[in-house]
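Just so you know, the sequences run in chain order A and G. Here the first sequence is numbered in our numbering, starting from 1 and rising by one per residue. Here the second sequence is numbered in our numbering, starting from 143 and rising by one per residue.
Rather than coming from a laboratory, the hints here were simulated on the basis of the structure. Model, not experiment: these values are computed from the prediction. Do not take every clue at face value.
Said to hold, decoys possible - A short, non-exhaustive set of chain A residues, derived as facing chain G with CB atoms under 7 angstroms: (1) Leu56; (2) Ala59; (3) Ala89; (4) Ser99; (5) Leu111; (6) Leu116; (7) Ala130; (8) Leu132.
Claimed, not checked - Just the calculated beta-carbon pair ranges, DEER-fashion: (9) Asp400(G) with Leu61(A): 18 to 24 angstroms; (10) Val105(A) with Trp589(G): 32 to 38 angstroms; (11) Glu123(A) with Arg259(G): 34 to 40 angstroms; (12) Arg90(A) with Thr163(G): 47 to 53 angstroms; (13) Val73(A) with Gly244(G): 33 to 39 angstroms; (14) Arg120(A) with Ala571(G): 40 to 46 angstroms; (15) Leu61(A) with Val336(G): 57 to 63 angstroms.
Glycine included, each C-beta is placed from N, C-alpha and C at the ideal position.
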Amino acid sequence: MTDRTERTEPTRPSGPSGPAPRVRVTGPPRRHRSPLPRGADIDADTALGDVYLGSLLRAQLGLAARVLLLLVVGVGSLPLVFHLFPSLARVDVAGLPLSWLLLGVAVYPYLLMLGLHYVRRAEHNEASFAELLSHRDPEDRR
Amino acid sequence: MTLDAAPAIVAVTLVTLATLTIGSFGLRLSRTTSDFFVASRAVNPRLNASAIGGEYLSAASFLGIAGLVLTLGAEMLWYPIGWTAGYLVLLVLVAAPLRRSGAYTLPDFAEARLASRGVRALCSMLVVAIGWLYLMPQLQGAGITLHTIAEAPTWLGPVLVAAVVAANVGSGGMRSVTLVQAFQYWLKLTALLVPGMVLLAVWLGDGAPRAMGGGEWSLPIADGGASGLYTTYSLILATFLGTMGLPHVSVRFYTNPDGAAARRTTVVVLGLLGAFYLFPPLFGALGRVYGAGPLAADTVVLELPRLMVDGALGEVLTGLVAAGAFAAFLSTSSGLAIAIAGVLSQDVIAPTLAARRVSGVTAFRLAGVVAVAVPCLAALAMPNVGVARAVGLAFAVAASTFCPLLLLGIWWRRLTAVGAALGLLVGFAGSGTAVVWTLGGWSAGGWWDTLLAQPAAWSVPAAFATMVGASLLTAEHVPPHTNRLLVRLHTPETVELDRG
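Generate coordinates for the entire structure from the input sequences, incorporating the hints supplied.
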């Protein structure tokens, strides 16, 4: 990434209506702005870069753990609950057995809700990370 | 064959023709090897999610669940729950990093992460093994379906589906298959939703009768006290963790443009699967109420419309359901065949035929034929394995092998090639023994049968423990590029990095 150089030919002063300045490209085209300095820390595998990455990894893994905990508590606990209280299988709600309503219907909106929550939080974590790495005005990147 | 079967035969023929026609559009679109493998990574999230749904909802979902619910009751609701929750686990732990790894297949991921040809070869073998184990019941389901609706010989279904899939995969690869599968998700949903609603109306019209002996049947855990609890939790573990390790699921993530799109696609998939899985248990429960025999386990979805609705309407509904079932066999089999063919062509056929300068696309087509021929023969040889049970075993193998590899590979810096290889071998040996035992129909009585029928609860922890332990013992062999690779897996694409 050090040799992505672009040199602009010495400039003729060009007025608003003048021809666009000629550009000689001597390296592969750059699609984005120059690498951000703190991104370079991560690239160079410095201790500072390690800290940045570690913070993102911990945030994402913590988020994943919270969502999975909600999955285990909300769904994974059901067999144990029905094992301990087998009479629940005879409970009816609105004319249908409770176990069928829970396992056949209610589980799916719950899973979808967990998924939506995760995506929102994960994208938020990534946006904060990108902001942390941006040495420029953080407000601009929102 | 009777005249009654006409709507069903017409419907199955139409689905097969539509699949081949949409597939042939792909022939004009697919130009490069990258098109063939991953649709050149340019599929938008909604289309991609429909395609994932279409590919994932297999014969086991369409026919198997209703049959299991009919015979065994509410404990079998854990199959569809696990198959959906597996996508949630995939979403939170694997989706975005897997996409950012930039690899085509699971073996590619393993090689990129661990820099080891040995682990790659092991993964290729596992992809083929899991894929074949999953393909076989799809083809069996096709045989059962044609036999039920038209009294065709049971060999006809497997041969027909295998031929259509091989032709489709060879003609357009991943891009044409993406279109076909997106179409097939909506077809499958319609094929259960419309008959489901009609049958529900008939049931309400009859005064909403209840089946006899509701209590035991509504208990959502397997029989037998502690061993029942073990069986249920082992099934939950296998399905929750196995989804991420299925070869045709992971290959789908490479068709997303970036990590964030991979996540959003997965959430849409959660919604699509949840909507679909409301219906198969309904068919099973109504089958119980209306007295479908337990012998009809895998065909209750097909039989029920005729059983509950007389005359032409019943036949038309049967035709619709049969069309959906055929869509299920074709789409899941196509996805699996592509994943298997991708691995076979890259790791077996292309190297073998390198001297003859065979092109990548030719090798892929050849691999497609091999990928469906083997499970087709197995389906003909073993026609009596329950569809959902065989698929459940494929999940257990995936959960015991690729799940630890993916989770530790993505989240743990100290994984080594030796640790990964030993963990894969232990997981495969454990779950593979259980598969052979169960498919072979042996029995040793008591807890042995319980443990071998649902191996995940012991084989998954064993694989994780081996992978972690052996990695710690070979700590000096952690690949030097590990940090750089983990950066690539977890950093959002908006941050500019050297992604080399």
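Hints and how they fare:
1. Leu56: holds (6 angstroms)
2. Ala59: Given a least distance of 10 angstroms, the restraint on Ala59(A) is violated.
3. Ala89: Result: holds, 4 angstroms to nearest chain G Cβ.
4. Ser99: holds (5 angstroms)
5. Leu111: holds (5 angstroms)
6. Leu116: The hint holds - Leu116(A) has a Cβ within 7 angstroms of chain G, the shortest such distance being about 6 angstroms.
7. Ala130: holds (5 angstroms)
8. Leu132: Violated: closest Cβ of chain G sits about 10 angstroms from Leu132(A), beyond 7 angstroms.
9. Asp400(G) with Leu61(A): 18 to 24 angstroms: 20 angstroms Cβ-Cβ, so the 18 to 24 angstroms window holds.
10. Val105(A) with Trp589(G): 32 to 38 angstroms: holds (34 angstroms)
11. Glu123(A) with Arg259(G): 34 to 40 angstroms: holds (37 angstroms)
12. Arg90(A) with Thr163(G): 47 to 53 angstroms: About 52 angstroms separates the Cβ atoms of Arg90(A) and Thr163(G), which means 47 to 53 angstroms holds.
13. Val73(A) with Gly244(G): 33 to 39 angstroms: This hint holds: roughly 35 angstroms between Cβ atoms.
14. Arg120(A) with Ala571(G): 40 to 46 angstroms: holds (41 angstroms)
15. Leu61(A) with Val336(G): 57 to 63 angstroms: violated (44 angstroms)
In this structure, the hints that do not hold are numbers 2, 8, 15, in rising order.
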